[in-house]
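Enquirer: Here is how the chains run, residue by residue.
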Amino acid sequence: MSTSLERHKYDVVIVGAGGAGLRAAVEAREAGLKVAILCKSLFGKAHTVMAEGGAAASMGNANSNDNWMVHFRDTMRGGKFLNHYRMAELHAKESPDRIWELEMWGALFDRTKEGKISQRNFGGHEYPRLAHVGDRTGLELIRTMQQRIVALQQKDKRDHGDAESFIKVFAEFTVTEVLKENGKVAGVYGYYRENGHEALFEAPAVILATGGVGKTFKITSNSWEGTGDGHALALKAGGNLVDMEFLQFHPTGMVWPPSVRGILVTESVRGEGGILTNSLGERFMFKYIPDVFKDKYADNEAEADRWYTDQDNNRRPPELLPRDEVARAINSEVKAGRGTEHGGVFLDVSKRLSAEVIKKRLPSMWHQFYELAGVDITKEAMEVGPTCHYVMGGVEVEPDTAAAVGVPGLFAAGECAGGMHGSNRLGGNSLSDLLVFGRRAGMGAAAYVKQTTATPVSEATVAAAAKKVEAPFTRTGGENPYALHQELQEVTHNLVGIIRTKKELQEAIDKIADLRTRIANVTVTGDRTFNPGFHLSFDLDNMLLIAESTAKSAIVREESRGGHTRDDFPGMNAEWRQKNNISSFNGSEVVVRQQKLPELTKELFDLFDVHELEKYMTPAEISKGGSN
Amino acid sequence: MARTLKLRIWRGNAESGALQDVTVNANDGEVVLDVIHRVQAEQMNDLAVRWNCKAGKCGSCSMEINGKPRLACMTQVGSFEPEETITVTPLRAFPVIKDLVTDVSFNYKKAMEVPAFEPPVGMKPGEPRMQQIDVERSQEFRKCIECFLCQDTCHVIRDHEENKKSFAGPRFFIRIAELDMHPLDILRNRKKTAQEEHGLGMCNITKCCTEVCPEHIRITDNAIIPMKERVVDEKYDPLRWLGSVIRKREGIL
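Quick mapping for you: the protein sequence lines, in order, are chains A and B. 1 is the number of the first residue of the first sequence in my numbering; add one for each residue after it. 1 is the number of the first residue of the second sequence in my numbering; add one for each residue after it.
Think of the hints as simulated: they come from the structure by calculation, not from any bench. Ideal Cβ positions, reconstructed from N, Cα and C, are used throughout, including at glycine. Errors might be hidden in some of the hints.
[To be verified] Taking lysine-lysine pairs in the DSS-like style, the calculated list, with each CA pair at most 27 Å apart, reads:
1. A/K168 x B/K165
2. B/K6 x A/K155
3. B/K164 x A/K157
4. A/K502 x A/K596
5. A/K34 x B/K109
6. B/K109 x A/K9
7. B/K110 x A/K157
8. A/K157 x B/K192
9. A/K502 x A/K93
10. B/K165 x B/K124
11. A/K155 x B/K68
12. B/K68 x B/K124
13. A/K155 x B/K192
14. A/K624 x A/K503
15. A/K168 x B/K110
16. A/K503 x A/K113
17. A/K155 x B/K164
18. B/K207 x A/K155
19. A/K93 x B/K165
20. A/K9 x A/K294
21. A/K113 x A/K180
22. A/K113 x B/K124
23. A/K359 x B/K207
24. A/K168 x A/K157
25. A/K157 x B/K68
26. A/K168 x B/K68
27. B/K68 x B/K6
28. B/K207 x A/K360
29. A/K624 x A/K93
30. A/K157 x B/K124
[Unchecked claim] Here are a few chain B residues that sit away from chain A, every Cβ distance over 12 Å (derived from the structure):
31. C53
32. S105
33. E113
[What the hints assert, rightly or not] For the chain B half of the interface with chain A, some residues (derived, Cβ under 7 Å), not all of them:
34. D46
35. A55
36. S60
37. G78
38. K98
39. F117
40. P125
Please construct the entire structure, taking both the sequences and the accompanying hints into account.
Expert: Below, the structure written as structure tokens:
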């Protein structure tokens, strides 16, 4: 077996070819590293293409009052102060440079009248801050970086005679395991989805950039790829996940027809003036403005409407509250019987903008509703409801280097890393996150590789990894992976969803334990050639770990904050704000413990009005005034 | 309302294959990809189909539906007659891997042959100033989701494997046009290389590519024809010809 095994040697292997993975690849190559990019789908198809609204960066093009400090404050508020302050700080400081450099690689953002990059409003951002291209910003980002990688490969061809001498993309490749020797990362193992052939990549550094976990849930905006691979790979390699209870249910997913349920309706619809109403015609968001946001959001329609033309003298419309607030509000309206026929609420932009402007600013939304739901959004309201969109929790990393805590040589960036967004992510902060931390992961890996020596992967390790890949075919009498996936999704949807209780979470934990034994026995039919059942059998194992980590973190956090709402503990608890839930895997189950959240530094503490911090922090924290 | 649907799916590999008939339930509002997934989950666990976003944004689920190149995620089951059998086959212009999945690596090779974007020397990040009207022409082409349906339908390569070597295809003509019209790109001769190295001249503007584009990019009218016209202008303008000879053709066209 091992004599015929395909073997590669690289300085760094990047798992995932979305925005974070590609940005990491560019950085690592420019630092002189030999880079392999392993992507589960074709090059350029990753979930980043689905990001619509924009990338948040305080360039100040639309409002010159904007700067990194305002962006930092907004990010911390959005995350309800559970963010790792250092990540939020780096993100706010560096995102403008990351956007500007994309322009030098050929990106074409929409423009202001002065010819600068245009910036749009979004929920939770004090000023218009999102660089955008209509409502297809994610596509622009991924295509720009894809083309940047091609440009680097063309240069390598000129300089070294081989375009793939320093960066090679391995498309449709699944990584099944991060391999370690002597406690350090030594490479990865996996197989080509096309033919099932296995391959070993030896490398001293591995960057996980695998995105989200949405496919663990029944209604999601995520594609099939969002199966938490990086989260699970890190757990199995001895890394930690931080705060997996925090999942963002995007308030506006499509609800009808059933086949498109969950597909995203961009927040830009609200940013451009879309309003939310219930079946009684009430603009209900005014009822749901939480105390901590009362001074920033309009409590009446007249003021909210004026804000679109005069932002300096009016408070923002409540449709632009952070996503967790809007999702809960919609959930409450539907539960109270004021939902639409298909269990959503109405989102209408047709009354505020002309058909021409809608088609120009929201072209893919118009297209999506017209072609998939038969709804013309220039004339009618859309029906929308919450959809599982983003996981705030993720691999615990060192903010400056993106190094995974506890696993030398492992790095993580983008959605699969945790900490940056705290308990809730602001729209627009994920595209900037993946640029800022994708780059930092590339830099971190380069610095690590230069001061370490590569460890060869032992034959015993290879043999063990190969055996795991073969396993689904050698088992007999087990269940069908599709049916098990549906069952797992029912458990998470019904018991670990938007509103949670202790009783239901315990039931979920029990059911997940039962599913673990059944998934371990899953049986696959057919052969190895492009066999989706075979692929799903590995994804299932990953999603099970995600579900377990989420449920076990959710049951211990006895408060409601951001993307975690406990019916039995409805308010925020300042004691819990100081704690992260850390998940690890002991070989048979996920174990969750608490760890102290890093304290804001004095410099960052002082950026806030102390009365605002009093809403979140204990008196002891306030009197201390940040760490030194 | 659920109904029963007749589906005919091509199953096979690089060596051989055949159409197989199945019946499957379909619900109101479903797209072809939904029913293929149902077949996969209930009847053919190892049926190969490529897909990602299921929202018409990633361009993965390209296939031929009743002989037409389409995205399965954007093709409503309700758009066919109730009794009609829907036939799904892999893209014809590319080699089959398995069932509905083809090897589209041809396109990635062609992408590598188009010279990259080149900004002005010395320009620093944050400095560019461009007017919206000037970026919009290239933005139209940057909407491309790389589904490669235009490549599949283009008759220059659809049934002519021998042309693939010297023909980049509509997807890369719009890429070249995008760079050619990009306000910051300084590389000259893009139109000329489109003609001489990427096979622009082989296109005889039948507009099949434009018809199948799910993003409604006007490939022929806005990219191919303008490039062809300017290539012709420059090639047959005697003054330009003389100038190019005198200046040894360096960077003039």
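Enquirer: Each hint: holds or not?
Expert: Each hint, compared with the structure:
1. A/K168 x B/K165: holds, 22 Å
2. B/K6 x A/K155: Violated, at roughly 51 Å.
3. B/K164 x A/K157: holds, 22 Å
4. A/K502 x A/K596: Between A/K502 and A/K596 the Cα gap is close to 23 Å, so the pair holds against 27 Å.
5. A/K34 x B/K109: Measuring from Cα to Cα gives roughly 21 Å; hence the hint holds.
6. B/K109 x A/K9: holds, 23 Å
7. B/K110 x A/K157: holds, 15 Å
8. A/K157 x B/K192: holds, 22 Å
9. A/K502 x A/K93: Violated, at about 40 Å.
10. B/K165 x B/K124: violated, 38 Å
11. A/K155 x B/K68: violated, 39 Å
12. B/K68 x B/K124: With a Cα-Cα distance of about 46 Å, the restraint between B/K68 and B/K124 is violated, given a limit of 27 Å.
13. A/K155 x B/K192: Given that 27 Å is the threshold and the Cα spacing comes to 21 Å, the pair holds.
14. A/K624 x A/K503: With Cα atoms ~38 Å apart, A/K624 and A/K503 exceed 27 Å; violated.
15. A/K168 x B/K110: It holds: about 16 Å lies between the C-alpha atoms, which stays within 27 Å.
16. A/K503 x A/K113: Distance ~56 Å between A/K503 and A/K113 Cα, so the pair is violated.
17. A/K155 x B/K164: Roughly 24 Å between the alpha carbons, so the hint for A/K155 and B/K164 holds.
18. B/K207 x A/K155: Not satisfied, since the Cα-Cα distance of roughly 34 Å exceeds 27 Å.
19. A/K93 x B/K165: Violated, at roughly 47 Å.
20. A/K9 x A/K294: violated, 56 Å
21. A/K113 x A/K180: violated, 54 Å
22. A/K113 x B/K124: Between A/K113 and B/K124 the Cα gap is close to 20 Å, so the pair holds against 27 Å.
23. A/K359 x B/K207: holds, 24 Å
24. A/K168 x A/K157: holds, 12 Å
25. A/K157 x B/K68: Cα-Cα ~38 Å, so violated.
26. A/K168 x B/K68: violated, 34 Å
27. B/K68 x B/K6: holds, 18 Å
28. B/K207 x A/K360: holds, 25 Å
29. A/K624 x A/K93: Within the cut-off at roughly 25 Å; holds.
30. A/K157 x B/K124: Answer holds: A/K157 to B/K124 is near 26 Å, not above 27 Å.
31. C53: violated, 5 Å
32. S105: violated, 8 Å
33. E113: Answer for B/E113: violated, closest chain A Cβ roughly 9 Å.
34. D46: It holds, given that the least Cβ distance between B/D46 and chain A is near 3 Å, below 7 Å.
35. A55: holds, 5 Å
36. S60: Since the shortest Cβ distance to chain A is 5 Å, the answer is holds.
37. G78: violated, 9 Å
38. K98: Since chain A brings a Cβ to about 4 Å from B/K98, closer than 7 Å, the hint holds.
39. F117: Since chain A brings a Cβ to about 3 Å from B/F117, closer than 7 Å, the hint holds.
40. P125: Given a least distance of 4 Å, the restraint on B/P125 holds.
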